[in-house]
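K.L.:
Whole structure, please, built from the sequences with the hints as guidance.
There are 2 protein chains.
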Amino acid sequence: MSGFSRFTPLANQLPATVPFVGPEAIERRMGRDVRARIGANESGFGPAPSVLETISRKAKEIWRYNDPENHALKTALGAHLGLTASNFVISEGIDDLLGLIVRLVIEPGMPVVTSLGGYPTFNFHVAGFGGRLVTTAYREDREDLQGLLDAVRREDAPLVYLANPDNPMGSWWDAPSIVSFAKSLPETTLLILDEAYSETAPEGSIPAITAFIDMPNVIRTRTFSKAYGLAGARVGYGIGTPGTVSAFDKIRNHFGMPRLSTEAALAALKDQAYLSKVIAEIADARMRISAIARANGLHPLPSATNFVAVDTGRDGVYARAIVDGLMEHGVFIRMPGVAPLNRCIRISAGVPADLDLLEQALPKVLKAVG
Amino acid sequence: MSGFSRFTPLANQLPATVPFVGPEAIERRMGRDVRARIGANESGFGPAPSVLETISRKAKEIWRYNDPENHALKTALGAHLGLTASNFVISEGIDDLLGLIVRLVIEPGMPVVTSLGGYPTFNFHVAGFGGRLVTTAYREDREDLQGLLDAVRREDAPLVYLANPDNPMGSWWDAPSIVSFAKSLPETTLLILDEAYSETAPEGSIPAITAFIDMPNVIRTRTFSKAYGLAGARVGYGIGTPGTVSAFDKIRNHFGMPRLSTEAALAALKDQAYLSKVIAEIADARMRISAIARANGLHPLPSATNFVAVDTGRDGVYARAIVDGLMEHGVFIRMPGVAPLNRCIRISAGVPADLDLLEQALPKVLKAVG
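Top line first, the protein sequences correspond to chains A and B. With full-length UniProt numbering applied, the first sequence covers 1 to 370. With full-length UniProt numbering applied, the second sequence covers 1 to 370.
Quick caveat, the hints were computed from the structure, so don't treat them as lab data. A couple of the hints might just be wrong.
Pairs involving identical chains hold if they fit within one copy or between any two copies, as the list cannot separate such chains.
Subject to a maximum C-alpha distance of 20 Å in a straight line, what follows is the list of computed SDA-like cross-link-like pairs (lysine to any residue) [unchecked claim]:
| no. | residue 1 | residue 2 |
| --- | --- | --- |
| 1 | Lys270 | Pro111 |
| 2 | Lys367 | Leu52 |
| 3 | Lys183 | Tyr318 |
| 4 | Lys60 | Arg35 |
| 5 | Lys364 | Leu298 |
| 6 | Lys60 | Leu275 |
P.N.:
Shown next, in the form of structure tokens:
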């Protein structure tokens, strides 16, 4: 399988590993269909009916490139959140934004601070631009704010990643702790505050939208992929000072946003009643997942997200056996990648029918893996 | 407008200019609606009705991330073109692929060869990764194959870009010339052969799909944005050896492809009857644009694409006045960016109603600009 002989040394040294294997790939490799898709923190509750109606109605405009300035969506987000369009950058999911941020900040060899076991796609982008990951262990299943701060100072790191609420553990900090962390960082360190799960977080855990609005070294990232039920649309956004977010224009794929995805996001933003309904359904699903776990002798962790991390009480080998065993029953879940987090399995909030399948399969799997 | 203080030196030195201003931005700035959208080489004929039906039917699956391996689309393209899935990389339009290719090959300061006046988005990506553009002038409104080859050899350039058919001029080379060019390149030079307009090209101008299939230093790029009428979906693909295209997996945004866009592309590929119909309509539109140009004393150039470059017989200032004047009538067209190409205006193949507006406005504009 011969490839071009003159890729950059950096490209040549990168591994072929990918951040996540998709459920479709697992289906193909196992020759078995996913019956309950509750592993990727998608929302099986789906987007609002008003969003589906918008997509169908706007489909005939798909021959047009999207507005590369994303004016309508930035304006709508500004109105929704009490900011202005100039505070936003829109991109093809937070994943794409993370790559752009790393590219804007990191030269080969530079240190980047994150938590050991944190979001693999961020690590993928850091590696992809030759950055050097500096990790801090979780403490009591939360990202360790003091540990991250110490690492930033020790390394004089230009970039630090923090998710609140956290993935893969579902844990969170209260807003004052996050604000204090951000304000303790040197001005020469850019904080990525990933708030992908902000909609499902408990009261008091998400800093006010104005908390960092004058801080050029903070970018908050959010998405329509989770509670809004639009993972397949690929719409993420970053919030920051106009000076910071305008830097993306120098490098981003200006015509990258799909037209119907933008229309879907606009419609989703308008339908806050539906969002509230889904958030309640997600809360119910978290409770049911927790109950199923407990009924099987496992220990569900508290969650601020649309998934529940469930402590199996044993190690990563055991958790992996459960994940693989559930897939034998068509139940797709995931688990954290590194110890000690990987003593857990991670189950996304799903519709009742999906959780029924989980409830039926889990005791059989636990019995089989022993 | 203060921004983060520690972006990379490269990021700081990049200009804020963007490759293209979208028609929506022109509308906002002029306070005038586009009535005939025939400037961005989109297809006003739209996608097949079967594609629209597919989008509506599949919309409810938008809560799911797309398969990051793009297995179905790569397999379908392989079957359609007589290759295998391993010959393809799928991405959010050719624009995204171009950025990824530059990133895989170019380190700051390295030379990249292209034609003076060629695709601005490619140049944007080269600048974005610190590459040094080395340009060769067009000859008789075609990209100069010998000139490109000479520049590659002189500079020992690792990357060269060639569009066949060409944008913005609509010109083309015959297949043997392209094959000969590719085979004359050093193995250490990667050729991007951009075939965005391959569907509308005349017989004999597109090399056989197997022509480069054993050459690791050739990537052909194609898209669903032009003849397939799916510009807003953002589906492009690269064709190359398995070894070369697999390199993208090291750096691409694996979960970047929108789910409905992939479904739309799959449906479009299946409806070749519709594609044939649109290609005939595009040919008719080119003839009509040419006739309108001639009737107004302008000189249309031959075109292998879904647009016609029209020689105004004067300079870039004059052509710009026509472009701006037409927009005063709601007719959105574009023009090449540099001399001598910018003596031309560029008009996309549109539906008859759009060309009616062009026909009505053009004589008034020419009279006004004098």
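K.L.:
Evaluate each hint against the coordinates.
P.N.:
Verification of the hints:
1. Lys270 x Pro111: Answer is neither; intra-copy 40 Å and inter-copy 48 Å both fail.
2. Lys367 x Leu52: The answer is neither: 42 Å in one copy and 48 Å across copies each exceed 20 Å.
3. Lys183 x Tyr318: Intra 40 Å, inter 55 Å, cutoff 20 Å: neither.
4. Lys60 x Arg35: between (32 Å within a copy, 16 Å between copies)
5. Lys364 x Leu298: So lysine 364 and leucine 298 pass the 20 Å test inside one copy only (14 Å; across, 78 Å).
6. Lys60 x Leu275: between (27 Å within a copy, 16 Å between copies)
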